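Novice: Read off the chains here:
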Amino acid sequence: MIRLSLEIGQTQKPEAILFYILAPLAVLASLGMLVVKKAVHSALLLAWVMITLAIFYIALDAAFLGIVQIVVYTGAVMMLFLFILMLVGVDAPDSLTENIKGHRVVAIVAALGFGGLLISLIGRATLNHVSVGLAMANESGNVQGLASLIFTQYVFPFEVVSALLITAALGAMVLAHSQKSAGARLSQRALSSARFRGDSLANAAGLPSSGVFARHNAVDVPALLPDGTLAKNSISGVLNARGDIQDPTQYALGSLPKVDDESGDK
Amino acid sequence: MDTTEGMTTAELIGQDPGWIIALKGLIIFAVCIFLTLMSVWGERRIVAVMQMRIGPNRVGKFGLLQALADGVKLALKEDLIPKAADRIVFIIAPVISVTACFMSFAVIPFTGKVNFFGRETAMQLTDIPVGVLYFLSIASVGVYGIVLAGWSSGSTYPLLGGLRSSAQVISYEVAMGLSLVAVFIYAGSMSTSDIVAAQDQWWYSVVLFPSFVIYAISMVGETNRAPFDLAEAEGELVGGFHTEYSSLKFALFFLAEYVNIIAVSALATTLFLGGYRAFPGLGFTESWLGGWFTLFWFAIKVLGFFFLFVWLRGTLPRLRYDQFMKFGWKVLIPVSLAWILVVATLRTLSLEGAPQSVVVAFTGGIVLIVLAVSSLFDRARDKNEIAARDIGEVSEPSFPVPALPATKARLEDHV
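Here the protein sequences come in this chain order: A and B. 18 is the number that the numbering used here gives to position 18 of the first sequence; each next residue is one higher, with no gaps. 369 is the number that the numbering used here gives to position 103 of the second sequence; each next residue is one higher, with no gaps.
It cannot be assumed that every hint is accurate.
[Claimed, not checked] Below, simulated DSSO-like cross-link-like pairs (lysine-lysine); rule was C-alpha separation at most 27 Å, straight line:
(1) B:649 to B:596
(2) A:37 to A:101
(3) A:101 to A:13
(4) B:649 to B:592
(5) B:349 to A:37
(6) A:38 to B:349
Everything labelled a hint here was simulated from the structure, so no lab data went into it. Note that this is a predicted model, so its numbers are computed, not measured.
If we strip away everything but chain B, and leave its shape as in the complex, we get (with noise of 0.2 Å):
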């Protein structure tokens, strides 16, 4: 019976018929949108614990059919198209975003090999070789939904809010990428159900931990999420990009936000945190349900990281703009590259089969050069502080204060 024993993931879905691939394109798609309603709905109870308020509590059993109520009701609004506007573009842009969004979900494996409707198969759309870059790719497409939005507007604070955005998703995109590359360089492959197989010993958020701070900072920075949602600060920006959208290309803009979180978290489920696979001790429960249960795995991690963001934007402030670009470029990316050649010497080193003192040696010189490095740092910071602390001689101030009266009234004289 079981013919698929041995298939790797890309051969099993492989041989999927036209109807269970275009039912797979339709549940995700179902799950999408039933997971943006849950996690606005489930944003806005748990940033209301953090601000010790209640948080929308009135439709529906705990207020779970808030989010469905106002997107009928955003639905419902009247469809403004500013005179300014770019017609056709200012239509394309909110569909470019969600279409983006969605289209990232293809190559996450939601599942192991599972029993689908009577056919062994694996809940993943497709398995390219290249599927992380796939992702990488389409995030780069999603992002002209921001920038077309913010000039097809005809208006100011959307363009600047679209050139901003797009100017940080495109600085943290490096990061990302990079970040990625001592993944490839330990699973040996950019597919991720690959990555996920090779992740079986240990999840890589262990064995490349500073690929996986990396990837998820710049995940936060890659969403336009609080507290890097610069594109949109209502202070400076009114409401960045999509100043001029309402109705129900507003409601677009908001769909693709909710989903595009949960889709960059899906990826680092995935490459970082052992994708659907089961935490560790518990491997036992990955074939209860002939598999399905792998899928309750997936689903707890990917809300895992959903729970951070939104705890991120119950926490920090926003950044400054040009902080924030100078953390990308200065901090973020250098570190990455370096980081990467030492996963890439670690790891030619083994695959060598050097002895185990020239690992331990190298290793050693690396943590010696970075505490070297880093105490460096710490000293020049130290000496700029003291000598900003360093305020000199304190002058006596002058205010313009008027005249004094002719006869000075002093408090003592009327006690």
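Bound conformation, chain A alone (with noise of 0.2 Å):
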């Protein structure tokens, strides 16, 4: 098969060695990615192979294309999906079951109509199709060539584009927007105020410590004040929740040993 393409001259050599190693690699890469069970697995398989589409890109001499593949693509989308992955915690497998009602149906059409739009596509551009002015396209320079067409032949839809590219992440950022984050954040100087300027200076060199003057210095064991009633903020607030508090009293002596207080430094 190598030679066969080479005999008809349309890869040369080493373009050819490199796309017969990266190409099987990039297909067993994207059948992986429908078959394995995790979905961060599937998603770093769908990275692999978009970075074998950019060595492809820069291979076929349009290194702007390429470069730009890796740092958007990979780069960028890919990352942010992977947050998604990891951040909603995915680690299970997926289950098969359908979640939106016809969900099957309309995957099944779409995935048809891409297919043929590719193999039309695909056809259009290999047979009977010569291809021709790739060296006059690239003629003052990949970068320039393509920049020059965007941003003369193509500006319109080249900012429609981006225009509509803005609106939807303005329209995510409206529809992910919730009024709960919004204010209610105190800043460090309106804390350090609250605590040193509010109505009670108790607080100020910070909350008291578990178990003191209770003769036990667990972590659930609430403080004693001076007056012997129990300082309620000495314990995690987690702990009170729970229920998970021990009593105080239990570690009390049953009388205090008597002190003399006429001598009282014997």
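Put the two chains together into one complex, using the hints given.
Specialist: Here it is, written out as structure tokens:
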């Protein structure tokens, strides 16, 4: 097959070698993407396929397209994807039950349509079609050629697409915005002034430690105030909510040892 | 004899035979490893001086072999893989990190035209027309190492550290990319060798000073270094994304961090400090040793940046995460966008041959606008400060104090 493609003269030797090493890997990775169980592995394999495609673009003298493919798709889009997968914690294998009604039918129709589109495009590009003009298009440099096309002939579609993307981003922000997060967060200065200039200086030096004066220093034993009452804020609110708190009176001595007032320093 | 006269660097490198390309790759690899060993030692010694300590001085002369000894020790340690870890990804992650940062050196021009084993070439592995973009794309692949390391450890702190550092690297990559646009506009090319060549009159750190400052800040954020090392904030996240890593895999992350520092410093040198060119007024040295002396200038500049990294680490406390992200998105990115507009306009004016008075008027207008905006900002900030200082009525403190004894004992009674 290698000889065939070389004979046809469509690919030069180094490029053919590159292709026959990377293309099977890309195909394997894309098949693996469909069959692996974990979503993160799937995303990784997709990233690999994208990088392989980028290398092909570069080998085909479309350096800018190849690099941008890596920066945008692998670097930004896939990374955001990974972020979401990791944060949502999709560790378990996906369930195969249909969540959205008619999901499967629509997916199959869309896949068939896309496949047909791909086949027709590839067919048009390869069958009875001689590619000419790459050298002409890259005459003043690949980047310069692209730039002059984007910013002259295609400037309107380009701007429309960018406006569309900005609208989508704004829409996502509006939809994801929750009122709860707005405001209500105190600055460090406000917190500090509430601590030292507030109603009471009782907690200015920090909350009391658990177990103080209670003859037991575990975190679940509230401290005692000098008058013998419980210091509620000496234990964590979480423990309190769980009800995991011990009664400090169980550690109290039956009776306090008598202290002689007259000779206290004996 | 001199058939290479008048060739661009791309053409010069393009005629390299395979063995020269392989040798260059090997040299780059060896130099990176060597620089990492030396920079670990250098960093520890410099920080020690800044903190009035001595630093490592036992292994070898001046402690020079300390990093090597540490590396050997690391390699001999037990290699643990947590039970909850995703084994394959856990192993791949450090490899991605290291590979990516070595690959970014491929487009850095280390010297001008030199004689390399009897062939005219330049010490640069490859020169593609989108070299600087290539550097950015490799950096964005390197982020995968961090994210995957954090996720595959199967533990909370690494996951949080990984997410933090990748969010940080991605955000600062945006600012970094934008700061480079001005350079592209002025050099008219994205190829590293062309950009160096375009700086024969003025370095871009002078012409495009704001871009240089933005790049310098974002390169520290990009490499996860102090004061932006939130990904491994010990007080919050234990060790960040590499908490669960040990032995050689940890060493790979360590290597990646230092190679990355050298890489961003090398790019900064190339784009803003004239690359391998000599300091102003010393241009005659560029032909010394058959052109090899340019390597010295390049190394001096890169090491200067490395010193800056260490200096920052020794001086500044770590930022809070939200402040750091706010700084990146709300300060660096808008400022670089505005700066690009200014640069593009000025460049167009000068290329279209606008009269001097128009350029001066435009520049003056921009300066006035910046001054006005900054004074408005200052006034608003002063107002807020004063409002914040106003603490209002101070109330009497109320302590939970023990009951006072019945008979009041006073200090004066005992005197």
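Novice: Going back to the hint list, which numbers does this structure go against?
Specialist: 3
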